[in-house]
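Enquirer: Heads up: the sequence shown is residues -19 to -1, 1 to 207, going by mature numbering (1 follows the signal peptide of the UniProt record, and there is no 0).
Among these hints, one or two may not hold up.
Below, simulated DSSO-like cross-link-like pairs (lysine-lysine); rule was C-alpha separation at most 27 Å, straight line [what the hints assert, rightly or not]:
1) Lys48 - Lys175
2) Lys28 - Lys175
3) Lys62 - Lys45
4) Lys62 - Lys28
5) Lys45 - Lys58
6) Lys48 - Lys28
Worth flagging that the hints you see were computed from the coordinates, not collected in a lab.
Since the model is a prediction, treat every value here as computed from it, not as a measurement.
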Amino acid sequence: MRSLALSALLLASAAPAQTSTPDPATAPALTFAPVPYLSAQPVRTFKEPAWVVNPARTYRAVLKTGKGDVTVELYAKQAPKAVNSFVFLALNRFYDGTRFHRVVEGFMAQGGDPLSADAAQRARWGTGGPGYNFFVELDEGLRFNAAGVLGMARSQSYFSQGSQFFITLAPADFLTGEYTVFGRVVAGQDVLQKLTRTATSSQGGETPISRAEPDVIQSVQILVSQ
């Protein structure tokens, strides 16, 4: 099962535990404001991401779909490169119109491939990226131990992260230490359960669901703490 699930996240083909959790009774409530977009239209390729994140701030992202909104909190301190890349791409509307092209029941929902914005490229969905790659970032305090964990997808190389990401639909702790955890769902977990499933999984591998039409990510709005 471990090898099956690991191979399922290769590009070609939940709330994680943190080192400490603030007491809601004593932690101050954060207020957030939208970060202005950097582009009026989607930009799909870059040589490298500009640095746009301040690790001293808290960032969230609102993924808007036809099924509802999913809000994720991003771990800028623990995974600065992954968060900065994700925020940079979102601010350039990179994810607008792409799809959750791979949603496996009981496992994860994967998106972020720019090729998935083009129905004519369907045979290649899952292989695209932003034009650059970066190395995995592993933090001992973050695990794929629950539904709603946000991680970076990659190929076999640890230096192959790009734009694709996944959100766990169930605990998948066997991914811990292999894939970057860079956030968690704080609102809209129920929306993830409504996403169209594109495959089922078993010991024999993934089985595509015939005629499944993946959900479109209409936009990704970045919020920053004030």
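Enquirer: Hint by hint, which ones does this structure get wrong, listed from lowest number up?
Expert: Of the numbered hints, 2 and 6 do not hold.
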